[in-house]
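Novice: Chain order of the listed sequences is A and B.
Just so we're on the same page, the numbering used here is the position in the first sequence counted from 1, plus 34.
Just so we're on the same page, the numbering used here is the position in the second sequence counted from 1, plus 6.
No lab work stands behind these hints, which were simulated from the structure alone.
A few of these clues could be false.
Said to hold, decoys possible - Computed spacing ranges between beta-carbons, pair by pair: (1) G63/B x L378/A: 46 to 56 Å; (2) L378/A x L92/B: 18 to 28 Å; (3) G63/B x R382/A: 48 to 58 Å; (4) V219/A x K127/B: 52 to 62 Å; (5) K139/B x R382/A: 22 to 32 Å; (6) S116/B x I63/A: 53 to 63 Å; (7) A358/A x E95/B: 41 to 51 Å; (8) I63/A x K127/B: 39 to 49 Å; (9) F372/A x G63/B: 50 to 60 Å; (10) L297/A x R234/B: 55 to 65 Å; (11) T255/B x L297/A: 49 to 59 Å.
All residues carry an ideal CB built from backbone N, CA and C; glycine is no exception.
Next come the chains, spelled out residue by residue.
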Amino acid sequence: MLRATDNFAPRAGTRVAYLSLVSFALLTIAVLVGTMIGPAGPQWWRVPIELANRLPLITVDSGVSPEEWNIVWQIRMPRVVLAVLVGAMLSVAGASYQGVFRNPLVDPYLLGVAAGAGLGATLVFTLRRSATENWLIDPLPLAAFVGGLVAVFATYMIGNTFSKARSSATLVLAGIAVTSLTTAVQTFVLQRNNDVVRQVYSWILGRLSSATWGDVRLILPYVVFSCGVLLMHRRLLDVLRVGDDEATALGMNIRRVRLTVVLAATLGTAAAVAVSGLIGFVGIIVPHTVRLIVGSSYRRVLPMSILCGAIFLVLADIPSRILADPAETPIGVVTAFFGAPFFLLLLRVRKNQA
Amino acid sequence: MSTLGFCDLSIAYDGVIAVNGFNDILHSGEWLCLIGPNGAGKSSVLRAAAGLVKYSGSVAIDQKEIPATSAKWRAKHIAFVPQTPLMPENMSVYEYVLLGRNPYIKHFASESIHDKQVIEKVLMRLDLTQFAKRMVGTLSGGERQRIVIARALAQEAPVLLLDEPTAALDIGHQQQALELVDDLRREQGLTVVSAMHDLTLAGLYADRLVLMHQGSCVASGDAQTVLRSETLAEFYGVSARVHHEADGTVVVIPQRANSN
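Chain A on its own, in the form it takes in the complex:
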């Protein structure tokens, strides 16, 4: 008699275990390389030796001076860790939005989440950032969250109103409309508050470059919570792949699942946007690449998106440091440079499939 264990799932399980091991290794390498490269600081090959030296029970002389170590630990390290968190968050949020809206083309940016979060953050900046910075709970990510949430619901409602079938095109067009509107409001607010324009624009362009451990501490709880909630929904996202009606007939409370997933993904995205500014295309490139490798079951897509998103953003951050050395190329420019052509390729492949 043929048993389920001879069947499909377990073997895919070994393959996924193998792939996640490889991804972990790649992530470690990416993080190491990320801390080794940059203007100023010690010679690149001394960094891993010094890192080893810092581990308990190991003593090696790396020849790295305390000042140089400060550059590595206080400037490069938080930047790399932030890239890990933001990359993982944007990717897993992108994959979740794609699952929950059953639409391969949505990501946090196309849905207007990022623009909404941007508007929320702008409003906090105009209300005297210096005064709020030291509050017990920093209002910046919360404002970004509320802005992002309002935007995603506006997009969803508009997309729903104009098309019962909730087609890809309507949802994406609604996202574009909401983004334009939000950006217009943001421009208007900025025009009336000239003093914060520079702060806001440097924030919008993406600022992994000025990352501190404080930024990491700020978003870590949101990212962990949001990723956790999304991962718990990975099986349910698979059920949702057969559509609202059939998922309901299979006993799923689709409204509750959809609401929870959208809230969690938006919370995480907004927190990421609040510290890193607008970094586009991550949420669309990474999940689709992951699907090509591990198939389209969300049980595998979500965890792999977290790993691969982290790898992607850490790696994308490296050219942003050295391309226009000594100036910084905004990381959003790097991701868009790779992301836009990829997006077109994806559209083409899907068209050929249909």
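Put chain B on the given structure of chain A with help from the hints.
Specialist: Leaving out everything else, chain B in the frame of chain A:
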């Protein structure tokens, strides 16, 4: 093994009445076929029983009214095969059939060994074991219909609802699909409700036919009683001959309007 009852079932979409006071009771293991012209409310009755539309009145299983709030309870008792199921192209057949276990799995848990054993049995029963790893998108129409039925069986529900199960199939696969449903019904004592357009097939497989018109039941009984040319003329507006074969089979043949 369960009875299924509809009591004063009414459904309205945006104020337009689709089903108006539908009553019926199916005994355990019975196959009821809903027939009637387009828009008569056949699908609406099925969709109400599956919990997909709001309704007034009640649907009961073994005289226990289905609680409006528990989608899981409903899914453990009623399996629904829609007219045009949404088939995720890149999902394996195994994963697709496994979705049928959803009502038994806790919200954030994953499948147990028992769930996987159920899937094995279902795949074996429907000769789908060799398809387990295939992607849904690569299957033919007849194979797709079989895996949708497999998913419904995985729900281990005593009531099976089929909305136009043969609409997309050729005559051979129509027969195969309906024979399969009939075999399963006999083996497992399933109570079956199907909505069908092909009157001859409906009469051939169902124990009882219910003819619906404008949201109400206008005739009920076996094929001989319901499928009469006067009845069909009145409610379908069709001129058709009804043939009675020697073995009791009722054949409905449409007639050209000007062929007299």
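Novice: Hints first: check each against the structure and report whether it holds.
Specialist: Verification of the hints:
{"no.": "1", "hint": "G63/B x L378/A: 46 to 56 Å", "in the structure": "53 Å, holds"}
{"no.": "2", "hint": "L378/A x L92/B: 18 to 28 Å", "in the structure": "27 Å, holds"}
{"no.": "3", "hint": "G63/B x R382/A: 48 to 58 Å", "in the structure": "51 Å, holds"}
{"no.": "4", "hint": "V219/A x K127/B: 52 to 62 Å", "in the structure": "58 Å, holds"}
{"no.": "5", "hint": "K139/B x R382/A: 22 to 32 Å", "in the structure": "28 Å, holds"}
{"no.": "6", "hint": "S116/B x I63/A: 53 to 63 Å", "in the structure": "31 Å, violated"}
{"no.": "7", "hint": "A358/A x E95/B: 41 to 51 Å", "in the structure": "43 Å, holds"}
{"no.": "8", "hint": "I63/A x K127/B: 39 to 49 Å", "in the structure": "46 Å, holds"}
{"no.": "9", "hint": "F372/A x G63/B: 50 to 60 Å", "in the structure": "57 Å, holds"}
{"no.": "10", "hint": "L297/A x R234/B: 55 to 65 Å", "in the structure": "58 Å, holds"}
{"no.": "11", "hint": "T255/B x L297/A: 49 to 59 Å", "in the structure": "58 Å, holds"}
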